[in-house]
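Trainee: Take a look at the letters that make up each chain.
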Amino acid sequence: MKLTRREQLAAWLDALMERATVIAPRQVESELLYRPVAASDEVVFDFQRTAMSPKGYFLPSTEVLLEIEKRGAEVTLDEALPQEEQVLFAIRPCDARGLRVLDALLVEHEPADVYYAGRRHQTTLVGLACPRLWPECFCTSIGGAPDDSSDVDVMLYEVDGGYLVSEVTAKGAALLAGLQAEETDQPAPVSDRDGPSVLVLEAEAWPALFNELYWARFTERCLSCHACTYVCPTCRCFDVRDYTTAAGPNGIRIERLRSWDSCMAAAYRRIAGGHNPRSSKMHRLRNRYYCKFNYCPQDFGAVACVGCGRCIAVCPVGVDIVEMLGDVAALAAARVGEGGADE
Amino acid sequence: MSESIQTALRTRARELLELGEVSCVVGYERSPRGRVRPAFVYDPADADRLVWDDTCHHNLMVYLHDRKNPPRRGEEIPRVAVVAKPCDVRALNVLLHEGQIAREKVFVIGVACAGMCEESTEELQARCRRCQERVPIFYDTLVGEPPRVAPVDEDWADLAELERLSAAERLAFWAREFDRCIRCYACRQACPGCYCFECMAEQVDPLWVGIAVELPEKAFFHVMRAYHLAGRCVQCNACELACPMHIPLSLLNRKLVKEVEALFGYRAGGDPATPPPLATFRKDEELPL
Numbered sequence: 000m001k002l003t004r005r006e007q008l009a010a011w012l013d014a015l016m017e018r019a020t021v022i023a024p025r026q027v028e029s030e031l032l033y034r035p036v037a038a039s040d041e042v043v044f045d046f047q048r049t050a051m052s053p054k055g056y057f058l059p060s061t062e063v064l065l066e067i068e069k070r071g072a073e074v075t076l077d078e079a080l081p082q083e084e085q086v087l088f089a090i091r092p093c094d095a096r097g098l099r100v101l102d103a104l105l106v107e108h109e110p111a112d113v114y115y116a117g118r119r120h121q122t123t124l125v126g127l128a129c130p131r132l133w134p135e136c137f138c139t140s141i142g143g144a145p146d147d148s149s150d151v152d153v154m155l156y157e158v159d160g161g162y163l164v165s166e167v168t169a170k171g172a173a174l175l176a177g178l179q180a181e182e183t184d185q186p187a188p189v190s191d192r193d194g195p196s197v198l199v200l201e202a203e204a205w206p207a208l209f210n211e212l213y214w215a216r217f218t219e220r221c222l223s224c225h226a227c228t229y230v231c232p233t234c235r236c237f238d239v240r241d242y243t244t245a246a247g248p249n250g251i252r253i254e255r256l257r258s259w260d261s262c263m264a265a266a267y268r269r270i271a272g273g274h275n276p277r278s279s280k281m282h283r284l285r286n287r288y289y290c291k292f293n294y295c296p297q298d299f300g301a302v303a304c305v306g307c308g309r310c311i312a313v314c315p316v317g318v319d320i321v322e323m324l325g326d327v328a329a330l331a332a333a334r335v336g337e338g339g340a341d342e
Numbered sequence: 000m001s002e003s004i005q006t007a008l009r010t011r012a013r014e015l016l017e018l019g020e021v022s023c024v025v026g027y028e029r030s031p032r033g034r035v036r037p038a039f040v041y042d043p044a045d046a047d048r049l050v051w052d053d054t055c056h057h058n059l060m061v062y063l064h065d066r067k068n069p070p071r072r073g074e075e076i077p078r079v080a081v082v083a084k085p086c087d088v089r090a091l092n093v094l095l096h097e098g099q100i101a102r103e104k105v106f107v108i109g110v111a112c113a114g115m116c117e118e119s120t121e122e123l124q125a126r127c128r129r130c131q132e133r134v135p136i137f138y139d140t141l142v143g144e145p146p147r148v149a150p151v152d153e154d155w156a157d158l159a160e161l162e163r164l165s166a167a168e169r170l171a172f173w174a175r176e177f178d179r180c181i182r183c184y185a186c187r188q189a190c191p192g193c194y195c196f197e198c199m200a201e202q203v204d205p206l207w208v209g210i211a212v213e214l215p216e217k218a219f220f221h222v223m224r225a226y227h228l229a230g231r232c233v234q235c236n237a238c239e240l241a242c243p244m245h246i247p248l249s250l251l252n253r254k255l256v257k258e259v260e261a262l263f264g265y266r267a268g269g270d271p272a273t274p275p276p277l278a279t280f281r282k283d284e285e286l287p288l
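Keeping their order, the protein sequence lines are chains Z and X.
Just so you know, the first sequence maps onto residues 0 to 342 in numbering that gives the first Met the number 0.
Just so you know, the second sequence maps onto residues 0 to 288 in numbering that gives the first Met the number 0.
If you're looking for bench data, these hints aren't it; they were derived computationally from the structure.
Note that beta-carbon positions come from the ideal geometry of N, C-alpha and C, so glycine has one too.
Warning: the hint list may mix true and false statements.
Label-pair ranges, simulated between beta-carbon atoms [said to hold, decoys possible]:
1) Z/CYS236 - X/LEU161: 28 to 38 Å
2) X/PHE219 - Z/PRO186: 48 to 58 Å
3) Z/LEU330 - X/CYS195: 51 to 61 Å
4) X/LEU161 - Z/VAL335: 56 to 66 Å
5) Z/GLY336 - X/GLU2: 34 to 44 Å
With a Cα cut of at most 25 Å, we get these calculated DMTMM-like pairs of lysine to aspartate or glutamate [what the hints assert, rightly or not]:
6) X/LYS104 - X/GLU122
7) Z/LYS170 - Z/GLU6
8) Z/LYS280 - X/GLU117
9) Z/LYS280 - X/GLU75
10) X/LYS254 - Z/GLU28
11) X/LYS104 - X/ASP42
12) Z/LYS280 - X/ASP204
Sequences are here, hints too, so could you generate the full structure?
Mentor: This is the structure we're talking about:
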């Protein structure tokens, strides 16, 4: 383990910005957001959580997938694959775990999303441990920890006098070249794990609860906005459309655009002919939870929630995923008590 | 004060449900985390879940749109009771004018309101400092005594700063604000006046606004929404309070409130007898446009 002082870390960051795009927590008007930074003094080191997860640097809210040009009979396709090396600085363990979930869905599951996979490959993750769980956090209930370094390349722990630096991967070790630091036998601090203890039902237990009246009541206050899905580190639904960007007598140019979409939108599940199998907010919000705790674990082996608490913090009407998990566990227990679990 | 309102609210809600006057009372409750949020009470035994304090800022009229149709075809639309502050009732009034809600299907539990506070600072919200209305313009029952609050003149001070800027500077201001918009539509979803079955911003056929989450699309959406609320916005601020990115949307809406007031001497939802000017045609009308 190495110990580096804040100014040494800042100097290394400044040097790093010369050769790679560095994305770090930055104050943008009223919000703390991951944004590209041009100097280390723009970086906010002391924070709880950013308003948005950093998933947009892997799955951008808007990206061009393809450019299509047609000149006479000749058609050319130009795939806009990501090229740039980037460093994500001060990513929290939960957000890094969110990328592991996205990897399971978008990289390890064929066909891989080459755009996402490319950005993942070209990004080095510098983690920053949380000293404790913040309000709304519940990472420890979902297999994570505020100091979990399993999903980053380098892990930083804030200590008296600076940061302890742990090289987690070879990629991380390479990134640290040039960092002024001294060897220390000081162990990494263990973060305070005090927080809610939520029982998350196993994936197999969810289908039996699908038709519970509970869902209609619990989802009644939902406004059907997209905030929870857009701040979520693991929600990844998108829409794709082609746009004509230029057209003339000699040909036509088309852009294939991908942007975030949300299963909370009323029209998200509408199909040809106008039918909508998820026409009410009960259907939509229930689906969001089943996606996270039943479908993703069964189909991809990953619970699609990391306990970052953003959806709770951001909901304008107090819809609370932790409350839902507690209620669902109680419902399941009640069914077992009644002997109706195998319905 | 808020404690006696809370007690009265619970009593009234319980009576209404027991007598079968309404099927549900839409009000406020405290979440397990201690924050106030919308609540739906169906059972008289649950009436004590209802709370009242100076953080009950949500405009609950937005939930009436979920109840415009019967639960099953052929059934009657159930009547609901809804807890309403003066600004909320103005929103209901707009919806009545627009033929969205049947008055007899809503039992209005009006609340005498001393204003709502910011959750972070516990200071009175700016919109409440300006508000002159302590009692809703109409209700079926009123809880609480109208509090005495010193009247304040509307000086549009919050807009003055923006109005002093040049058009280019204002554009730069809004570009900065809209830049962090994530197109989550929380503003629209929290707004009782935004009830289109299909919003123009999400319409697919024809596609008016592209799917990109970029500044042109975001700015277009917000400006369009503001225009669609001209003469209809009641300044309840539900949009701004719902925004996860804290974009000062009230500045946009209030600018149009000010313009409509200057042109027509009209405030949305204020008077049940006056039809909204932008939905009224008069043959002899001349406007200094």
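Trainee: Take the hints in turn and mark each one as holding or not.
Mentor: Status of each hint after checking the structure:
In this structure the supplied range 28 to 38 Å holds for Z/CYS236 paired with X/LEU161, their Cβ-Cβ distance being about 36 Å. At about 54 Å, the CB distance of X/PHE219 to Z/PRO186 agrees with the hint of 48 to 58 Å. Between Z/LEU330 and X/CYS195, the C-beta spacing of about 36 Å breaks the proposed range 51 to 61 Å. About 60 Å separates the C-beta atoms of X/LEU161 and Z/VAL335, a value consistent with the hinted range of 56 to 66 Å.
Judged by the Cβ atoms, the range 34 to 44 Å given for Z/GLY336 and X/GLU2 holds: they are separated by roughly 38 Å. At roughly 35 Å between alpha-carbon atoms, X/LYS104 and X/GLU122 are farther apart than 25 Å, so this suggested pair is violated. With a C-alpha separation of about 23 Å, the suggested pairing of Z/LYS170 with Z/GLU6 holds against the 25 Å cut-off. Only pairs whose Cα atoms come within 25 Å are accepted, and Z/LYS280 paired with X/GLU117 is rejected, the gap being roughly 28 Å.
Between Z/LYS280 and X/GLU75, the direct Cα distance comes to roughly 21 Å. Compliance with the 25 Å bound is thereby established for this hinted pair. Distance hint between X/LYS254 and Z/GLU28 is fulfilled; the C-alpha atoms sit about 22 Å from each other, no more than 25 Å. Between the alpha carbons of X/LYS104 and X/ASP42 the distance comes to roughly 18 Å, so the proposed pair stays at or under 25 Å and holds. A hinted pair counts as satisfied when its Cα atoms are at most 25 Å apart, and Z/LYS280 with X/ASP204 qualifies at roughly 23 Å.
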